[in-house]
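Enquirer: Here are the chains, one letter per residue:
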Amino acid sequence: MSGDTSLLEVRDLAKSFPIRTGGVFSREAARLTAVDGVSFSIRAGETLGLVGESGCGKSTTGKMVMRLIDPTSGIIRYQGQDIQTLKYQELRWLRQEVQMVFQDPYSSLNPRRTIAEIIAYPLEISGKYRGKTLRDRVLELLEQVGMDPNHANRYPHQFSGGQRQRIGIARALALSPKLIVLDEPVSALDLSIQAQIINLLQDLQRDLGLAYLFISHDLNVVEYLSDRVAVMYLGKIVELANSDDLFQQPQHPYTRDLLSAALSERVRGEQALLQGEIPSPIRIPSGCRFRTRCRKAVGQCTAEIPALGETSETAPGHRVACHFPEDA
Amino acid sequence: MAAIHAREGTPIEGDGLSRPAGATAPSRPLLQIEDLRTYFDTDRGIIKAVDGVSYEINPGEVLAVVGESGSGKSVTAMSIMGLVQSPPGRIASGAIRLAGEDLIGKSEREMLAIRGSRIAMIFQDPMTSLDPVFTIESQMAEAILQHRDVGGAEARDIAIEMLARVHIPDPARRLGAYPFELSGGLRQRVMIAMQLALRPSLLIADEPTTALDVTVQAQILSLLKEVQAEFNMAILLITHDFGVVQRIADRVAVMYAGRVMETASVRSIVETPRHPYTRALLSSRPRIGERGRLRAIPGTPPNLANPLPGCPFANRCAEVDDSCWIDVPRLRAVGPDRQVRCIREDSA
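Chains G and A supply the protein sequences, listed in that same order. With numbering that gives the first Met the number 0 applied, the first sequence corresponds to residues 0 to 327, in that order. With numbering that gives the first Met the number 0 applied, the second sequence corresponds to residues 0 to 347, in that order.
Any given hint could be a false lead.
[Said to hold, decoys possible] Among chain A residues calculated to face chain G with C-beta under 10 Å, some are:
#1 87
#2 182
#3 184
#4 241
#5 242
#6 264
#7 282
#8 293
#9 295
#10 327
Worth flagging that the hints you see were computed from the coordinates, not collected in a lab. The C-beta atom is built at its ideal place from N, Cα and C for all residues, glycine as well.
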């Protein structure tokens with residue numbers, strides 16, 4: 000895939016946070032590395048799944064794409080434009096093009112506004128809608144996400160979690176974005192409602208040609224929505240591939256372990272469990288950062304950081320960061 | 000509202016709870032819940048969070064209670080523990096028997112003795128159930144000293160032994176740690192160790208792995224299974240996740256809108272679900288290896304303050320017909336160790 004067809008292009012993105020000591024002589028005691036050299040791209044109309052456990056940097060990456068936080072280094076290009084350099088007017092353009100849906104539909108909607116007001120807000124700010132066109136657009140959006148337009152004047156607390164997530168999606172759609180960052184959009188929902196929202200996201204993508212950056216810890220859900228999947232561990236992408244390749248022929252030992260943990264329902268009883276927990280992002284292991292939990296780790300894994308690249312075993316576009324990838 | 004049933008003796012009408020004489024039950028159930036009704040008086044009316052729930056757990060058995068939010072699965076557990084806050088909550092009727100002894104109506108003092116030593120509980124978020132200002136040692140020792148007849152030094156030894164049992168590395172050093180110094184997985188291990196120290200016969204685990212990462216979740220489930228066998232402890236596992244159920248449970252009770260809709264062995268539930276809700280729930284799961292459209296369940300669960308007449312699932316059921324709207328179907332025994340609450344099972 001060449002860079003010019005990409006909607007979003009992320010290169011060597013990194014973010015670290017200073018950890019300060021308390022007290023009068025506060026100083027930087029350590030650095031927490033949340034994201035450490037992440038590169039990927041998203042084409043128009045495509046879904047990239049970003050998977051990993053808590054603390055792997057997937058949400059921090061999403062926030063940087065939204066320009067909610069600034070990277071320590073690296074470049075994010077949206078339609079070829081470096082988003083760090085955008086000034087006020089161009090930033091407003093970016094805010095129309097790239098929108099976000101959050102995990103918790105309870106805390107991301109203002110409880111004092113009706114849902115019509117919540118959805119109308121971005122439309123008003125854009126200055127493109129007022130009066131009847133505004134009203135019509137709000138009703139159209141409500142219908143698009145499967146909400147009853149007669150409920151437009153109700154407040155968020157009058158709706159269930161699934162309905163609130165629909166409202167959050169309607170708000171994100173208001174300005175006809177091309178890319179939506181979905182940060183765990185169904186993780187807080189019950190199973191029967193989760194399926195409704197996943198189907199809605201699929202329908203909207205098909206009808207509106209949206210691209211998604213879909214951030215989730217749940218591999219089952221990720222496979223349903225994603226064309227390609229990137230697996231993150233401690234701030235780095237360890238494997239990136241087409242959804243089918245990744246799920247059928249995972250090459251990185253971590254991807255394998257993650258899959259087998261998620262598939263555990265079908266392998267009842269004893270199985271090889273991934274031992275230990277994710278190391279602290281303040282003290283990242285040398286070499287391959289997964290080596291402390293990896294069954295295959297040898298001396299080379301301590302000494303050398305494996306690069307994310309294609310191997311002779313892999314399908315084109317299937318990249319893995321491991322000195323000893325699994326056999327296909 | 001349904002009539003309040005007599006508590007003693009007579010089996011609950013039509014609920015098919017009492018095992019037929021000579022059936023496979025090896026011994027008396029450890030815990031027996033009969034027609035439990037737990038209501039909350041609110042300004043929106045009476046919320047019937049638990050509305051006629053019956054299930055039982057045998058010694059050493061793992062029963063998973065599965066349901067979505069608002070199904071009443073956690074309120075049932077809180078009722079067992081005697082932890083339903085009153086007001087607004089109250090147990091309107093029913094029986095909760097632990098080894099034959101009814102827990103409803105026990106004084107707070109009596110319940111204090113039962114909680115911990117005979118029934119223990121772990122929660123979804125171990126951070127909120129551990130006290131942030133005390134070390135692991137002081138919290139474990141307090142519980143052990145309260146419930147077991149041992150001295151301080153012995154309590155410390157028991158604590159170390161239990162931390163080792165749940166595979167916490169370097170347990171003696173961990174005793175000095177504060178909860179915030181531990182990861183989520185370690186905190187849940189500490190909670191489990193704390194409960195095991197009291198040697199309960201029943202452990203209630205309310206979404207014990209929901210807040211954990213998937214690889215850590217698998218570790219904790221395997222630990223629960225291990226200690227359950229080792230201590231011959233029964234587990235009442237409350238969860239919304241069939242993956243968790245399939246890993247460790249023996250039997251399942253599926254709850255919806257304050258009622259049990261179906262109970263059966265894990266295998267039967269997953270392979271041949273008989274209630275339309277169980278079927279719908281299972282097929283709405285996204286699963287690795289399958290893509291395309293999910294079969295979502297339309298609509299939302301009913302309003303528990305103002306339920307419609309008839310089957311609580313009728314408004315979302317794919318197999319609904321006119322007769323479903325008349326009465327709440329009974330939970331009916333449809334085979335050995337299997338019960339279904341659906342009108343179709345009545346006519347079958």
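Enquirer: Confirm or reject each hint.
Expert: Status of each hint after checking the structure:
1. Using the Cβ-Cβ criterion of 10 Å, the hint placing residue 87(A) at the interface with chain G is not satisfied: the shortest such distance is roughly 18 Å.
2. The interface hint given for residue 182(A) is met, as the beta carbon of that residue sits about 5 Å from the closest beta carbon of chain G, less than 10 Å.
3. With a cut of 10 Å, the hint placing residue 184(A) at the interface with chain G holds, because the nearest CB-to-CB distance is about 5 Å.
4. For residue 241(A), the interface hint holds, the least distance from its beta-carbon to any beta-carbon of chain G being 7 Å, beneath 10 Å.
5. For residue 242(A), the shortest C-beta to C-beta distance to chain G is roughly 4 Å, which falls under 10 Å, so the interface hint holds.
6. Evaluation of the residue 264(A) hint against chain G yields a violated restraint, the C-beta minimum of about 13 Å exceeding 10 Å.
7. A cut of 10 Å between beta carbons decides the hint on residue 282(A): the least distance to chain G is about 9 Å, and the hint holds.
8. Taking 10 Å as the C-beta contact cut-off toward chain G, the hint placing residue 293(A) at the interface holds, the least distance being around 4 Å.
9. Because the beta carbon of residue 295(A) sits about 4 Å from the nearest beta carbon in chain G, less than 10 Å, this interface hint is met.
10. Against a cut-off of 10 Å between C-beta atoms, the interface hint on residue 327(A) is violated, since the closest Cβ of chain G lies about 20 Å away.
When held up to the earlier numbered hints, the structure conflicts with 1, 6 and 10 and fits the remainder.
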